[in-house]
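S.K.: Residue 1 is where the sequence shown starts when you use full-length UniProt numbering, and the numbers rise one by one after that.
It is worth saying that the hints were derived from the structure and are not from the lab.
Errors might be hidden in some of the hints.
[Said to hold, decoys possible] The calculated lysine-lysine pairs, modelled on DSS-like cross-linking and capped at a C-alpha distance of 27 Å, are:
| # | residue 1 | residue 2 |
| --- | --- | --- |
| 1 | 13 | 42 |
| 2 | 114 | 10 |
| 3 | 114 | 92 |
| 4 | 13 | 114 |
| 5 | 114 | 9 |
| 6 | 42 | 10 |
| 7 | 42 | 92 |
[Unchecked claim] Label-pair restraints from in silico Cβ distances:
| # | residue 1 | residue 2 | range |
| --- | --- | --- | --- |
| 8 | 103 | 37 | 24 to 30 Å |
| 9 | 6 | 96 | 36 to 42 Å |
| 10 | 106 | 5 | 29 to 35 Å |
| 11 | 78 | 100 | 31 to 37 Å |
| 12 | 5 | 95 | 35 to 41 Å |
| 13 | 78 | 102 | 19 to 25 Å |
It should be emphasised that the depicted structure is a prediction, and the values quoted were computed from it without experimental measurement.
Note that beta-carbon positions come from the ideal geometry of N, C-alpha and C, so glycine has one too.
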Amino acid sequence: MDEIDGQLKKFQKELSAGTVSLVLLAVLGQSRQPLYGYQIAKRLEEAGEGVLAGKQSALYPVLRNLEGAGLLASEVEPSVSGPPRRYYRITKLGREVLREWVAAWSATRDSVDKLLQGEW
Numbered sequence: 001m002d003e004i005d006g007q008l009k010k011f012q013k014e015l016s017a018g019t020v021s022l023v024l025l026a027v028l029g030q031s032r033q034p035l036y037g038y039q040i041a042k043r044l045e046e047a048g049e050g051v052l053a054g055k056q057s058a059l060y061p062v063l064r065n066l067e068g069a070g071l072l073a074s075e076v077e078p079s080v081s082g083p084p085r086r087y088y089r090i091t092k093l094g095r096e097v098l099r100e101w102v103a104a105w106s107a108t109r110d111s112v113d114k115l116l117q118g119e120w
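Could you put the whole structure together from the sequences, leaning on the hints where they help?
M.R.: What follows is the structure, given as structure tokens:
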């Protein structure tokens, strides 16, 4: 059973690595206001029923990469309960890219589902 668990964890990690940018853009695209890292992580945890939850610290490099690509913008604001927080929001380009990524995800998901269900 340990080998099966190990293979499952490896597969889940690979899936997560391939979808984290998509879900981060989706969370920020659906938010009416900018969010900071902890808020984003909580939304992923709640929406994904634990499947999308991961280490919060792992989100920050992806957020920075998305910002570097112009898909997100951020601002640092002071916090009354700790260090300053960096708030992220999706840009116009980010919304356009998100639409394309969602279409690509849907096509991929549909193709994989057909194969898994033997409908090819």
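S.K.: Against this structure, judge whether each hint is valid.
M.R.: Results for each hint:
1. Between residue 13 and residue 42 the alpha-carbon distance is near 19 Å, which keeps this suggested pair within the 27 Å criterion.
2. Under the criterion of a C-alpha separation no larger than 27 Å, the hint pairing residue 114 with residue 10 is consistent with the structure, at around 23 Å.
3. At most 27 Å may separate the alpha-carbon atoms for a hinted pair to count; residue 114 and residue 92 exceed this at roughly 34 Å.
4. Our distance criterion of 27 Å between C-alpha atoms is met by residue 13 and residue 114, whose separation comes to about 23 Å.
5. As the CA atoms of residue 114 and residue 9 are separated by approximately 24 Å, the hinted pair is consistent with the 27 Å bound.
6. Our distance criterion of 27 Å between C-alpha atoms is met by residue 42 and residue 10, whose separation comes to about 23 Å.
7. The hinted pair formed by residue 42 and residue 92 meets the criterion: a straight-line CA distance of about 24 Å does not exceed 27 Å.
8. About 27 Å separates the C-beta atoms of residue 103 and residue 37, a value consistent with the hinted range of 24 to 30 Å.
9. Our hint of 36 to 42 Å for residue 6 and residue 96 holds, since their Cβ atoms are close to 39 Å apart.
10. Judged by the Cβ atoms, the range 29 to 35 Å given for residue 106 and residue 5 holds: they are separated by roughly 30 Å.
11. For residue 78 and residue 100, the Cβ-Cβ distance of about 36 Å falls inside the hinted range of 31 to 37 Å, so the restraint holds.
12. A beta carbon spacing of about 39 Å between residue 5 and residue 95 agrees with the range 35 to 41 Å that was offered as a hint.
13. Distance hint check: the CB atoms of residue 78 and residue 102 are about 35 Å apart, inconsistent with the given range 19 to 25 Å.
Of the numbered hints given earlier, the model fails hints 3, 13; all others are met.
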